[in-house]
Amino acid sequence: MPPVVCFQAAVALLGRYPALSGFDLEVGPGEIVLLRGPNGAGKTSFLRACCGLLAVRSGRAEVLGHDLVADRRSVRRHVGLLGHQNHLYSDLWVRDQVRFRAASAGAAPDEVAAAMERVGLEPRLWRIPTERLSAGQRRRVALASLIVRRPRVWLLDEPHAGLDAEGRDALDDLLVDATGAGATVLFASHELDRAEAVASRIVEVRGGRITEDSGSDQTGGGRPDVG
Amino acid sequence: MLGDVLLVAKKDLLIEWRSRITIGQIAPLGVLVLVVFAFALDANAELLERAAGGLFWIAVLFGGVLVVQRSFDVESEDGNDDALRLSGIEPPAIFLGKALALVVQLASLELVLGAGLLVFFNTSVESWPLALVAALGGTLAFSVCGTLYGALASGVRVRDTLLPLLLIPVVAPVLLAATRAFEAAFGLSTDAGWNWTGLLFAIAAIFAAVGSVAFGPLLEDG
Amino acid sequence: MGEQNAPAGQGPMTATPATRVLGGVAVLATVVALLLGLVVSPKDVVQGDAVRLLYVHVPVIWIAYGSFGLTSLASALYLWRGRRRADSGRHYDRLAGAAAECGVLFTGLTLISGALWGKITWGTYWQWDARLTTTVLLFITYIGYLALRRLPADPTVRSKRSAIMALASFVNVPIVHFSVDWWRTLHQQESFGLGEPEITGEMLWSLLFSTLTMTIVAAWLMVHRYRVIRLEEMLDDEGLCAAIEARQAEAVGS
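Protein chains in written order, with the numbering used here: chain X, 1 to 227; chain Z, 228 to 449; chain B, 450 to 703.
Because the hints were derived from the structure by calculation, they are not lab data. A portion of the hints provided could be inaccurate.
Pairs of lysine to aspartate or glutamate, EDC-like flavour, derived with a Cα cap of 20 Å [claimed, not checked]: (1) 237/Z to 304/Z; (2) 568/B to 578/B; (3) 237/Z to 91/X; (4) 237/Z to 353/Z; (5) 492/B to 685/B; (6) 237/Z to 169/X.
Far from chain B, by Cβ distances over 12 Å, these chain X residues were calculated [claimed, not checked]: (7) 19; (8) 20; (9) 26.
All residues carry an ideal CB built from backbone N, CA and C; glycine is no exception.
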């Protein structure tokens, strides 16, 4: 099976700074990969590179068969990013927000309500401007916006942060369901206990490259030995 | 593509509707500008009547810069520019959609200012078709130029003073032509108002093309 | 490359044998131009000595337009090269910046010389004629361009936006020119226009020589400005290799 994500000696620059200094990683379909590492290691940069927001200058970088070095735009509609920011328009209602993201991804309007319910946003919240929500609720709106796009690759940057226990459980269920349906998940997290429980593979990122890789474990879940 | 243009325009107008910035803050500001002009020109009725066309468009300029600024501020916050890049909407559609929303917002501003002209400056309109079509042309031209330069001057650490500096030399011909057309419409001059109006639409078309092409590269690297 | 290492104690200089020659020629040409303009060429029948400002006012605007044209060309090339490979074509971006600065300088000179000439001949510093009005808008347009070049953002973002603005300005300047011209021809009223005297013989030669002199001076300025920009960028780049090594060291030394 062709890998979903394939990076070899990838170098990516943030201005003049090498965010990725030779990144090697191959991810197969259905995996849930946890990216661990200290702050500034390159986890966020890698996730951004996977959705074509960060240009890869040299090496090889392919996601879903799209060559990111040659063209980093075409892959974008097939992946979903939950980054540090929530991508919310503060004046729009929750419902407006998710509807807009859904429409721009070509999703059907009825999927909007389903997505919002899936992340635990009650209908009473749907007509509230996002600026009036709590941080955790805003995060859920961002998550709903991601789900409604049905991406084949989920790129999540510290997704558990800001969510309460209930939200975190819902998120874990979501990830398992998504991969069950054929998607692939890559996420960065500092919440190691919870993250390692749901991940099928753990990689260590340091200095812009992978330093440890537990190897792929297609069975999912469990806590594989870190090489 | 048209669907995406309308989608983006709807989103911007929905933001406007929920926040009511143009109607609630910028339109009153426009009226204030007209009032302050009366102070500057010593409430000389004849002078105000002569100058009404130009003062109208200056007030549109002040208000318009603020509307454009806001249109791009919402895209810079919370990483919304990233979201636009990831959305898969073609950049020309984003450009035209935002410009279209600007047209609607400026039109609402102009309605208020127009009422102000009729009331404060005792403007009488000889040719309503000319006035309305010229207003449309001027608004279209201003909106496409504003969207292009709004994108150039947008971003998290950019100062608010950059946009007016970049935009005003570009919309100067628009102001010029629109004022001449209005003066003809008000019966104050014998200029060929329709020719000036034609120039407005030509400028709008040119910058719509330039903006559509330029927006992709502009959106790309922030 | 174009830079030399200066004696110990100074940084690299932007002078080379070629530019020293160019500079020398510029100085020489200026002296000759001054002679021609102030002494050799005749007074005008109508304006007297005041017409000598012509030898400054006319060439500077030509050079300004030429510089801005160069900015636009360089910007187009920068964007075109950038499509093939990111981060290539930076020399075009530098050229665009150097040319624009030169253009702004010469546009400023146009306005000043025009104002002086107007004061002497017609008694007013300013008139709303087509050329002066267009010149003032041109001036502010490119001051805006220079402001954009100093955007507090990623250098690639800066360069790309500047290039796009330069091309948008290339489209806009003729529009401004056309509209203002049309406006002033319709509304001449009492504007005299800076009526240019008939230019023949010695006046023509002086004018042409003056133009040549200014072109040489402008070229000299641009070369040096380009090199200074390049030195600034080299300073940034030196950090890059060291940064990559330090980054990879993070990976090892954990």
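Within a Cα-Cα threshold of 20 Å, do residue 237/Z and residue 91/X meet the stated pairing?
-> Measuring from Cα to Cα gives roughly 14 Å; hence the hint holds.
Is it true that the CA of residue 237/Z sits at most 20 Å from the CA of residue 353/Z?
-> Not OK: residue 237/Z and residue 353/Z at ~35 Å, beyond 20 Å, violated.
Would the least Cβ to Cβ distance between residue 26/X and chain B come out above 12 Å?
-> The assertion about residue 26/X holds, with a minimum of 19 Å to chain B.
Going straight from one Cα to the other, do residue 237/Z and residue 169/X come out at no more than 20 Å?
-> Judged against 20 Å, a Cα distance of about 35 Å means the pair is violated.
Compare the distance between the alpha carbons of residue 568/B and residue 578/B with 20 Å, and conclude whether the hinted pair is satisfied.
-> holds, 14 Å
Would you check the hint for residue 237/Z and residue 304/Z, treating anything up to 20 Å between C-alpha atoms as holding?
-> holds, 19 Å
Is it true that the CA of residue 492/B sits at most 20 Å from the CA of residue 685/B?
-> violated, 54 Å
Can we trust that residue 19/X is non-interface, i.e. its beta-carbon lies farther than 12 Å from all of chain B?
-> violated, 8 Å
Report holds if the minimum CB distance from residue 20/X to chain B is greater than 12 Å, and violated otherwise.
-> Violated: least Cβ distance 9 Å, not greater than 12 Å.
In summary, the structure is inconsistent with hints 4, 5, 6, 7, 8 from the numbered list given earlier, while agreeing with the others.
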